[in-house]
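Going line by line, the protein sequences match chains A and B. According to the working numbering, the first sequence holds residues 259 to 706 in order. According to the working numbering, the second sequence holds residues 259 to 706 in order.
Honestly, the hints are just simulated from the structure, not real lab data. Note that the Cβ used here is the ideal one computed from N, Cα and C, for glycine as well. The reader is advised that the hints may include incorrect statements.
[What the hints assert, rightly or not] Among the chain B residues that face chain A by a calculated CB cut under 7 angstroms, a handful are:
no. : residue
1   : ILE312
2   : ALA419
3   : ALA422
4   : LEU448
5   : ALA451
6   : GLY483
7   : MET536
8   : ARG540
9   : ILE559
10  : THR565
11  : MET580
12  : ARG614
2 protein chains.
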Amino acid sequence: MRQGTLDVKKIKEFISKKAIKSLRTIIQEQHPVDLAEVFEELTDRESIIFFKVIDFDAALEVLTELDVEKKFFILTNISPRYAFQLLNEMSSDDLADFLGELSEEKKNIILSLIETRQQSDVKGLLSYDKNTAGGLMTTEYIAFSVDMQSQQALNRLSELAPDAETIYYVYAVDSMNRLVGVVSLRDLILAPAQKPIGEFMSTEVKKVQASMDQEDVAKLIKKYGFLALPVVDDNDVLLGIVTVDDVMDVVEEEATEDMLKLAGSDEKLDTWKSSPWMRAKRRLPWILVAVAGEIISGGVINSFSYTIKALVALSFFIPVLMDMGGNVGTQSAAIVVRGLATGEINPASLWKNVLREAMVGIILGAINGAIIALIAYIWQGEVVLGFVVGIAMAFNLTLATILGTLVPFLWHRLGRDPAVAAGPFVTTALDIMGLFIYFSTATWILKA
Amino acid sequence: MRQGTLDVKKIKEFISKKAIKSLRTIIQEQHPVDLAEVFEELTDRESIIFFKVIDFDAALEVLTELDVEKKFFILTNISPRYAFQLLNEMSSDDLADFLGELSEEKKNIILSLIETRQQSDVKGLLSYDKNTAGGLMTTEYIAFSVDMQSQQALNRLSELAPDAETIYYVYAVDSMNRLVGVVSLRDLILAPAQKPIGEFMSTEVKKVQASMDQEDVAKLIKKYGFLALPVVDDNDVLLGIVTVDDVMDVVEEEATEDMLKLAGSDEKLDTWKSSPWMRAKRRLPWILVAVAGEIISGGVINSFSYTIKALVALSFFIPVLMDMGGNVGTQSAAIVVRGLATGEINPASLWKNVLREAMVGIILGAINGAIIALIAYIWQGEVVLGFVVGIAMAFNLTLATILGTLVPFLWHRLGRDPAVAAGPFVTTALDIMGLFIYFSTATWILKA
């Protein structure tokens, strides 16, 4: 592995000395992704000098990897001619993604640098929602007519290859540009030279509508192990392709989103770089909702203040009841949320799953209830207290598994994101119910 | 999209009638992955009949998709000759994965069906840890000598294509089978017919050691957008390749694992299918540890029982303090855990990250402290109580962001999995410290 072989210190030194030859030697044969990493540690001025040393093909890839601000800075600080060349060679989806993140003003500056033909492609892509197949796709696919012969197609492929996103699938279209089949490069190589594509293509093409959610697109590509998936409009006209590398990012992005949502926020990871004030502002609304929920928990304790005065030791077990309920509930929710995301859990089997998870809750509740009852008895020497805490714990954990499974499932059924509902909502609901069960049992037994 | 077009009811009907021809018509042109899904709803007996209807190439793919039990049942209930053919055509990594999940006895039954040559390949793969590059790789790669000419290579490729896992990369090896270069199929098509591979191959091949953790392999493939990555031994001898589709599974698997660990368990999602008793048993040890932790929280409250007796209203705010600390801490931890997993957060910048997140905590803590103080004052009419709760909340949230960031970071530094440490550990630690801060402040102010 040749990771981290680039010496940033040396690069900075050569830049300040304008030692262009030495720079060229250092970056020779380096992967553009590794070169892009260096830019993170360069100043704006250094970036421009370094960028100019990199040759065109690598520069194109480096540019794709850079973050929005750096990309904009470089494109507007090199010669307009070079910027024009780079922008016109950039793949349409990368370009659309880039423009989508710029302010209106900056977007127009970049658009003014681009050729008219590319412009219309990119503006078309910009019209799709970022999180759909349309937002994810590129228009640099290869499609041939069904009549084209195998050898002819291979020759044409060699010409088109440098500009295409993938040459491993070739799509077959009719005269109206409607998708009718697909041929892999493998098939093309193996087919007799004179055979028309229509005769050996596969007609059962998996394809998606431009409006399909990116998570579903990712699931399909993963399920069938595709390298790319064609995107069509309502009339089956081929619009573009989504490739496996774009989908890898989606899988990670969605997993991260699920996790952060479960932890109680829709904050995106990219805000890691934003200012603490911005990040605090994002997290605040959700926190206030949770505060409101927990004030209700406090209200439950408040309404039993007479009971607590009678037996202060009851309050010692509030933490363990709250924490266990929250943990077990969140865990059940995590299993459901990820299971739904990966497709391993089927929404059709809702009640079966709830029932099975409830069984787990009953078992965990019974065992933990018994243990905590014993601890309560030994610690405080009160048989009644042990009894109360044990019963509450058993109820609480059973409730936790049921709610933890049911809530994200129902949310999913309503077409909403299960991860949002799962975390804080389940925890807060369990806190309120758990404390109510606990103190009700206590009041009832103390009275008896 | 042609999803869910397979009518399982009809298939079951045809199976019971042994209407083989009708079955053939139904499954014609269906994707093997879709066929495999049908098996989930068939009985063992039905599976055998249905499996025999599927033609060899599709059957091979269907078999790969089936779960271990079904796979074993089918292979041992069709003719040994057919099982032999299927097993020998199966890719070595799929076969090794399958065998790795079988009991010793069942493994030997399957091994007895396989050709000796395949056996040694598979036994070799079985020797690698499942979660490493070696465990993930397949031996069905294509490697040519550096001396082979482009056209010659293309011809040989056509012959090898049906058995190879991917033909999109061709590896170049020297006489000792050491990896010296790589050529993409794209390059091969574009190169002049007589040019030896050695003259146009790329010599800067990214490669990994067989012992590399699968998560790191996935990160590399994702980072560079590769379709496959070669695996070598200490002497650079080519052992196999890891392909992007295997890595997609790893990315999802690791994300799921991170999420479940953060929710407080190392339970794998596949246990969704195991019995409630088994699942409860798996979750129990971790729960008992958390119980122990929360009993310490109870101990903190206990040691302040005199203060609570003086002001029962103090206990009303236990839920909101505990819940907010836990949520904010888990959220910080989730950001770090996912950031480390995707490589977006750099372990080198530990203190910078902790400081920034602490700033978020101070802002959130100050705002929420003020709000909760106000609520406490309005609700209970006690200025002192509002003051105490507010200060405790402010401290608690700041502490939550710091611990939530620091703990997974440190765990990562120690070479351990950050997700394990993050969830319950952080929550429990915060509960204990949060309650201590709360009651200490209260005691101090009440005394004053």
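- request: Hint by hint, work out which the structure violates, then give me just those numbers in ascending order.
  value: Hints 1, 3, 5, 7, 8 and 10 contradicted; others consistent.
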